[in-house]
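S.K.: Listed here are the chains, written in short residue letters.
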Amino acid sequence: MSTEAITQDIPGTIIFNGEQAMKGYALNKMCYSFNKADSRAAFKRDEEAYMEQFHLNAQQKAAIRARNVLDLLAAGGNIYYLAKFAGIFGLSVQDVGAQQTGMTVEAFKAMLAKQGE
Amino acid sequence: MARIIGGLTSSHIPAIGNAIARNLFEDPYWKPFFDGFPPIRAWLDEKQPDVAIVIYNDHGLNFFLDKMPTFAIGAAPEYRNDDEGWGIPTLPSFAGDPRLSWHIIEQLVGEEFDVCSCQEMTVDHGFTVPMQLFWDDWQKKPIRTVPISINTVQHPIPSPARCYKFGQALGRAIASYPSDQKVVILGTGGLSHQLDGQRAGFINKPFDLMCMDKIVSDPELLARYTAHDLVREAGAQGAEFILWLAMRGALQGHVQKLHGNYHVPISNTGAGTMLLENAD
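In order, the protein sequences belong to chains B and Y. In terms of numbering that gives the first Met the number 0, the first sequence is numbered consecutively and its last residue is 116. In terms of numbering that gives the first Met the number 0, the second sequence is numbered consecutively and its last residue is 279.
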C-alpha cells in the first residue's frame with residue numbers, strides 16, 4: 000500500500016498532506032490573499048481576472064465558479080484558506096457543512112446539537 | 000525562578016470572538032459555554048499570573064503554505080491580530096515578553112527542538128479568543144504573553160508524543176528562567192470537530208470526555224495516539240488536541256483539575272474548558 004493510500008483511509012475526509020499541498024498551491028494562495036479587504040474587493044470586481052492572476056488551473060476555476068466546497072477540496076483546497084473564500088459570501092461553517100453533507104442548514108445544525116446528547 | 004502555576008484549556012473558534020463582541024453571554028445558545036469561564040477568571044484574579052504562554056495554531060493569518068514551521072515561537076514586544084477575511088474584530092495589542100521568549104527559544108533548541116523564532120508575528124483567533132475568554136479585563140491589566148504556534152494546517156503535523164515532549168521541554172525552560180514570575184500555559188483548540196469533507200459536522204463526545212479525563216490523570220496514554228488516530232477519532236480539526244498535550248507536558252508538578260466544562264455544539268465543535276492546577 001502506498002503512503003498516500005494509508006493516509007487517505009478515513010471516510011469523508013481528505014488529509015491535507017504534501018500531495019494536496021502541491022495540487023492546491025495556487026488555489027490556496029489566492030484564498031490566503033482574501034485576508035485583505037482590497038483583495039476581496041478585487042476578486043468581486045473581476046473573478047476571472049483574479050483567478051488568472053493566481054494561475055488557477057481549470058479544475059480550480061470551475062470549483063470557484065460553482066462555489067462548491069467538495070470540488071474545491073478535490074482541487075487541493077485547504078479548509079482554513081477556503082474559509083476565507085467562504086467569508087466573502089458571509090457563509091458560516093454551518094453553511095459550508097450543510098453544503099458538503101447535502102443537508103439544509105437547519106438539519107445540519109440539528110445534527111450538531113444531537114451529538115451533544 | 001519562574002513557576003508554572005497552572006494550565007488552562009479552551010476552544011478557540013472564531014464564532015466565539017464574534018459572540019464576545021456582541022455580548023451574547025446570556026444568550027441561550029452561548030450561555031452553557033460562557034458559564035465555564037467565571038470560576039477560572041476568579042482563580043486567575045486570585046493568583047495574578049504575570050505571563051501567559053499561549054499554545055495555538057495559526058489558521059492562515061501569519062503563516063501560509065509557502066513556509067510552514069512545525070513549532071514557531073513569538074519573540075516580539077507586542078502581538079496584534081488582523082483581518083482574517085471574515086470580519087472578526089481587530090483588537091488592541093497584547094503585550095509580549097521578548098526576554099522570556101528568547102530564553103525559551105534557547106532552551107528548546109538546546110534540547111533539540113529546532114523552533115522558528117518570530118520577532119514579528121500576527122496572532123489570529125486561535126490566540127485572541129482564549130485570551131479574551133480568560134482575561135475579560137486584559138486591556139486594563141495587561142498580562143505578558145508568549146505565543147507558540149504549532150502546525151495543524153498541513154500534514155505531517157507533529158505527533159502527540161512529540162508535542163507532549165515539547166511541552167516537557169517548555170516546562171523545564173520556564174523553570175530555569177531566573178525571575179520570580181508566575182506563568183500559566185494555555186492549550187487551545189479542539190475538541191472534536193471537522194469542517195471539511197462529507198464527514199463535516201463530526202463530533203465525538205465520548206472521545207472528548209475521555210481526553211478531558213486522561214489529560215489530568217494519564218497524559219502519556221493520550222500521547223500514544225498518532226496524529227492520524229486523532230483525525231479519525233476527533234475529526235480533521237480535532238487533531239488540534241496536540242496543542243493540549245503540549246500544554247500538559249509543561250505541567251511537571253502535582254496536577255489536579257480545579258474546574259472543567261464541556262458543551263456541544265459551539266459552532267461545529269465539542270468545546271472543552273479546563274483549569275489544571277500545577278502544585279509543587
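Keep in mind that the hints are not guaranteed to be accurate.
Result set (EDC-like, lysine to aspartate or glutamate): computed pairs, CA atoms no more than 20 angstroms apart in a straight line [claimed, not checked]:
#1 B:K28 to Y:D179
#2 B:K22 to B:D37
#3 Y:K66 to B:E46
#4 Y:K140 to Y:D179
Residues from chain Y shown here face chain B by an in silico Cβ test under 10 angstroms; the list is partial [claimed, not checked]:
#5 D57
#6 G59
#7 D65
#8 V152
#9 H253
The set of hints was computed from the structure by calculation and includes no laboratory data. We put the CB at the ideal spot given by N, CA and C, even for glycine.
S.K.: A separate judgement is required for each hint: does it hold in the structure or not?
M.R.: Consistency of the hints with the structure:
1. B:K28 to Y:D179: 45 angstroms, violated
2. B:K22 to B:D37: 26 angstroms, violated
3. Y:K66 to B:E46: 27 angstroms, violated
4. Y:K140 to Y:D179: Between K140 (chain Y) and D179 (chain Y) the Cα gap is close to 19 angstroms, so the pair holds against 20 angstroms.
5. D57: Because about 9 angstroms separates D57 (chain Y) from the closest Cβ in chain B, which is inside the 10 angstroms limit, the hint holds.
6. G59: At 5 angstroms from the nearest chain B Cβ, G59 (chain Y) passes the 10 angstroms test, so the hint holds.
7. D65: 8 angstroms, holds
8. V152: This interface hint holds because 5 angstroms falls under the 10 angstroms limit.
9. H253: Since chain B brings no Cβ nearer than about 33 angstroms to H253 (chain Y), farther than 10 angstroms, the hint is violated.
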